[in-house]
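Chains as they are written, first to last, in the working numbering: chain A, 1 to 158; chain B, 1 to 456; chain C, 1 to 263.
Honestly, I wouldn't trust all of these hints.
To be verified - Pulled a few chain B residues facing chain A out of the computed Cβ check, cut under 7 Å: (1) 13; (2) 14; (3) 17; (4) 18; (5) 21; (6) 192; (7) 194; (8) 243.
Unchecked claim - Derived CB-CB ranges, DEER-like: (9) 59(B) with 8(A): 30 to 36 Å; (10) 237(C) with 417(B): 35 to 41 Å; (11) 80(A) with 72(B): 50 to 56 Å; (12) 11(A) with 184(C): 38 to 44 Å; (13) 80(A) with 93(B): 55 to 61 Å; (14) 8(B) with 87(C): 43 to 49 Å; (15) 80(A) with 419(B): 47 to 53 Å; (16) 11(A) with 93(C): 39 to 45 Å.
The hints are simulated quantities; they were obtained by calculation from the structure and are not laboratory data. Just so it is clear, the structure is predicted and the values come from calculations on it, not from any experiment. Where is the CB? At the ideal position from N, CA and C, for every residue including glycine.
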Amino acid sequence: MNLTINGVEHELSSPPLGSLLAALREEVGLTGAKAGCQQGGCGACTVLVDGEPVRACLLPLAAVDGASITTVEGLGTPEHLSPVQAAFHQEYGSQCGFCTPGMLIATHALLQRTPSPSRGEIEDALRGHVCRCTGYVKIIDAVEAAANGATAASGAGA
Amino acid sequence: MKAVGARLPRYDGVAHVTGRTTYVDDVRVHGMLWAKALRSPVHHAGIARFDTAKAEAAKGVHAVVTCKDVPKNVYGHLEALGIPADEPLLADGEVRWKGQPIALVAAESEEAAQAAVEAIEIDFDERPALFDIRTAGDPDAPKIHQWGNWYPHYEGGMDRRQIRKGDIERAFDQADTIVSGVYRPAAIEHCPLEPQTALVVPEPDGRLTIYSCTQALYFSMGVVAAHLECPLNKLKFVGGTVGGGFGGKVDTASETVTALLTMKSGRPVKWRWTREEEFLCSSTRAPWHMEISDAVTEDGWILGRKMLTLHDAGAYARFSPYGVTKHSFHHTGAYTIPNLHFDGYVVFTNRVPTTAMRGFGVTSVSFATELHVTRVAQVLGIDPFELRLRNANRIGDTSPNGISYTDPSTVPTILAIADAIGHELGAEYRTMSRDRRAGELLPEHLVDQVGSTEGH
Amino acid sequence: MARVSVTTSEEQAVVIPRSREEAVAAFGAGDGVTVMGGGTILMPELTSGRVRPERVLLLGRAGLDGQKEDGARLVIGAGVRIADLMDAPEPLGTAARRVGDAEIRSQATLGGNLCATAGADYPRGDLQAPLIALGATVRSAGAGGEHVEPVEEFLAGDPSSRLVLEVEVPTDRRGAYASVGRPHAHSYTILAVSGSVGPDGSDLRLAAAGAGPKSVRLDGPDGDPASSAGVALADDALASTWYRKKMLPVLVARVLSDLKENA
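Chain A with its partners taken away, still in its complex shape (with noise of 0.2 Å):
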C-alpha cells in the first residue's frame, strides 16, 4: 500500500482492511490523530484525504492505496503554527486537546473552500466533532479568528 503522508511517500505494510487510523498510528507513528470511538462518531480521528477531511477509522488502508494524506503533524509545527493552529491556541479552542487535531483538520479544509464562513457554516462544518470539554464557543470562536486572520492577510496580498 503507498500513500504519501504529510508530502512524504510511505510504503505501509498494516493489514489491507484494518484502517487508516491504525496503520498512522500504530506503522507510521503519527499519533496526532486519536482513535476516541472508532465508530466514524467523535471526529477525533479525522484526516485529509486528497484535500477532503474523512474519518480516518472509517476508511479501510485499501481503500486509500495511492492517495495523498495529511494529517494534523502536517498542518503545522510548534515552531510555524498554521493560522488555524494559531488561532486555536489564542483563542483557548483547546482544553484537554484530544478532540484538537480532528477540529483543525476540518477547519482547515472548511476555511481552504469558504475563507469567510458564517457561524452557521462553521457549525455544520464541525457539527460532526464532538469535544466534551470546551463548550464548543470557543472553538468556533478560533474558526472565526482564523478566518479572519486570513482574509485580512489575503486582502492585504500577504
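Fit chains B and C to the supplied structure of chain A, relying on the hints for placement.
Showing chains B and C alone in chain A's frame:
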C-alpha cells in the same frame, strides 16, 4: 498579581494544536502487548464454571489474569475516609453488574486478545437483579450485597447519612402549607473523548512504569500498590495528561489489572477501552431519588425541610458514601432553613458502580433545591426571586452541617440576575444584602438557628 | 457478540474491482462476499471484530460513482457519495443533507445506505424511505444475473445476495420531507416521512424511515395516506411505539401540506 486577569497562553496549547500532546495511547514501547477484558454479560449471577485454559493456549497470548492473580483483590479506595472495602478488582465467584471485569488477556494484537477472551469458558447461575432503588427495602427485594441493600457503615454504625437540626415537628405544626416534590435526576456518562487507557512497562530493576490517564496520580499509585501489596517505590506513575476526566478517571479502573498482565507476561501491556466499554462499563454519575417536603408560611418563610435521598451507588460503594455526605451538607442549597430532618441512603443496585462527576453529590441537591424553591413560590403565589431573597443565606446563618457562613453570595447574585433580565423587585427586596440578619429578616424561628445544629 | 466466520486479518481477501464488470464477476452470487461501499457502516464492525468476513469487495474504484440524466430519470451509481446527493430530486436531496455529518456524507455511499444492516440497533438506511417515496428502481447483480425491481421489493429481499449497481429515480416529481428532530448529527432517525407526487399532483407515495429496522411504504391499501394502522412502529431505546404513533400523523400531515403548497 500578574497572572489574574491576564491572557496567558496554555502551557500545553502548542502541543495540543500540533498533535504532539502525548496521551497514554500515544506512547510507543517496543514489544507491547494488547489487553482485552472478559466482562460479565449478565446483571447478577454466580459463576458456576470458569476455565481459562483455552485462552491461555490461544495464539499470540502471553498472559491471562483472574482474581487468583491479584494479591489483594478487595481493597477500599476510601478506607482513609472510613469506607470499608467491598469491591473485588476482578470478579470472584459472582458478578454483580453487567460489564464487571472477570478476566484480562494480554496478546500480540487486539484481535488475538479478543479471540482469546471469547475462548474463555464460563457459565453463570443467574440471580434476580435489583435495579430500582425505591424497592431496595421491600421484603421481597433480592439481596445483592454482603452488607445488605444499602451502605451500613456511617459513623456509629448508622445505615444512612442523617442530619437533624432544630425541631422539625414544631416547624411542620406551625406551617401554613406543606409543599412536597420528588426529584429524580438520571445517570450521566462522563464520555471523555479519550477512552480509559493504561500502559504498564516492566523495568529492568523490577519496578513498573505505569502510564496512566488518571486524574489523581498519587491516589491511583496508592490504589495500585495496595492491590499489588507492593511498596510505593516499586511503581513509577507517568501521567497528568488526561483527555477529559470530569471525575470519571479517579476510579483507577485500568492500571492495576494492566500491571498484573505486565508482571505475568514480562512484557509491556496496554489496555485501551473501546467506546462501547466507556458507555456500557465505565462508572457514571449516579441516579438519585430525592423527596422534599418544606413547611412554609404564607408570607414565604421556609420553616423546615424534611428530605429523603436515595442514591444509586450501583453494585459497589466506591465513593458514594462520601458523595451522599457532601450532598447532605448542601441539602438546603443557597437558603437558610432552621429545622431539618434529612436522611440519605447509599443504595446498591446491579448496575455499574457510580462515581464522582463534577460537583459530586451536590449537583443533584442543587437541582432539587432550586426546583423545589420555585415550586414553593408557585404554591404560595409569591415572586420566585423574592422568595429566594427572603430565605437566602446571609452572614452568620448556618449550613445543615453547622458551618457558619462568612460570605455567602446568594443575595448579590440574585439581585444581579434580576437586574440583568429586567425583573422588577419590591422596594424592600431591591436593597437586600448579605449582611447578618436583623429586624424583619430575623423572625423568631430563625433567632436560634446560628450554632444550633446537631449534625451527624 | 456473534462472528460471521473465524478469519484473522492475514486470511482476509480484499478484492478491489476496477470496473463494473469486474465487480459483478467478483460478487458472483454473493456467497462468502461482503461488500463495502464507503465503509462507514462496515468498518466499525471489522475493527471491533464483530464481523470477520472471508472476502471483502471494495467498490470505491469500480466506476459505480456516476450520475446520468436520462430523460425524466436520473440514474445514480451505487457508489455515489451521499454528499453528492444533496441536490438530488426531493425528498432524496433533503434526506441526504441530514445523513450524519459532512465527513460521513463524503465517505458513505447510496448503495451502502440502501443495504444498511437492518438490525434494531442500527437503523441507518435513511435514504430508503425517500427512494420508496420517489418510486425508485434498483438495478442489481447476483444469482440469476442482473435485474431491475422497485426499491420496496429489493428491500423485502436479502440485500446481501445482491450487488447494487445503480438506482434510478424520476426527476419530474415533487417531494417533501418531515422528521422528528435529532439531538445531534450522529443520532439515529427516530421517525422521518418522505412523500412525493407526480407532476400533475397525483400518484401520491409516502414512506417512513425509523418506524422499524428498514424503511416502509406508508400508503394504506385503501389509498388513505394517513392510515398508519398497518405500520409496525418500533419500541426501542430511541423512542417508544406510543411516541412514534403520536408523531407519524403529524409528519404525514406536514409532508402532505408541503406537497400541496409547492404545487
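Now the hints, each set against the structure:
About 4 Å separates the beta-carbon of residue 13(B) from the nearest beta-carbon of chain A, less than 7 Å, and the hint is met. With 7 Å as the threshold, the beta carbon of residue 14(B) comes within range of chain A, its nearest partner Cβ sitting at about 5 Å, so the hint holds. Interface restraint check for residue 17(B): the shortest CB-CB distance to chain A comes to about 4 Å, inside 7 Å, so the restraint holds. At its closest, the beta carbon of residue 18(B) sits 5 Å from a beta carbon of chain A; the interface hint therefore holds under the 7 Å criterion.
Here the hint on residue 21(B) is kept, as its CB sits about 5 Å from the closest CB of chain A, short of 7 Å. Here the hint on residue 192(B) is kept, as its CB sits about 6 Å from the closest CB of chain A, short of 7 Å. For residue 194(B), the interface hint holds, the least distance from its beta-carbon to any beta-carbon of chain A being 5 Å, beneath 7 Å. At its closest, the beta carbon of residue 243(B) sits 3 Å from a beta carbon of chain A; the interface hint therefore holds under the 7 Å criterion.
The beta-carbon spacing between residue 59(B) and residue 8(A), approximately 35 Å, falls within the hinted interval of 30 to 36 Å. At roughly 38 Å, the beta-carbon separation of residue 237(C) and residue 417(B) lies within the given 35 to 41 Å, and the hint holds. In this structure the hint that residue 80(A) and residue 72(B) lie 50 to 56 Å apart at CB holds, the actual value being about 52 Å. Checking the proposed 38 to 44 Å range against residue 11(A) and residue 184(C) shows it holds: the Cβ atoms sit about 39 Å from each other.
At about 59 Å, the CB distance of residue 80(A) to residue 93(B) agrees with the hint of 55 to 61 Å. Take residue 8(B) and residue 87(C): their Cβ atoms lie about 47 Å apart, and the range 43 to 49 Å holds. Separated by about 48 Å at the C-beta atoms, residue 80(A) and residue 419(B) satisfy the suggested range of 47 to 53 Å. Taking the beta carbon of each, residue 11(A) and residue 93(C) are about 41 Å apart, inside 39 to 45 Å as hinted.
Every hint from the earlier list agrees with this structure, and none is contradicted.
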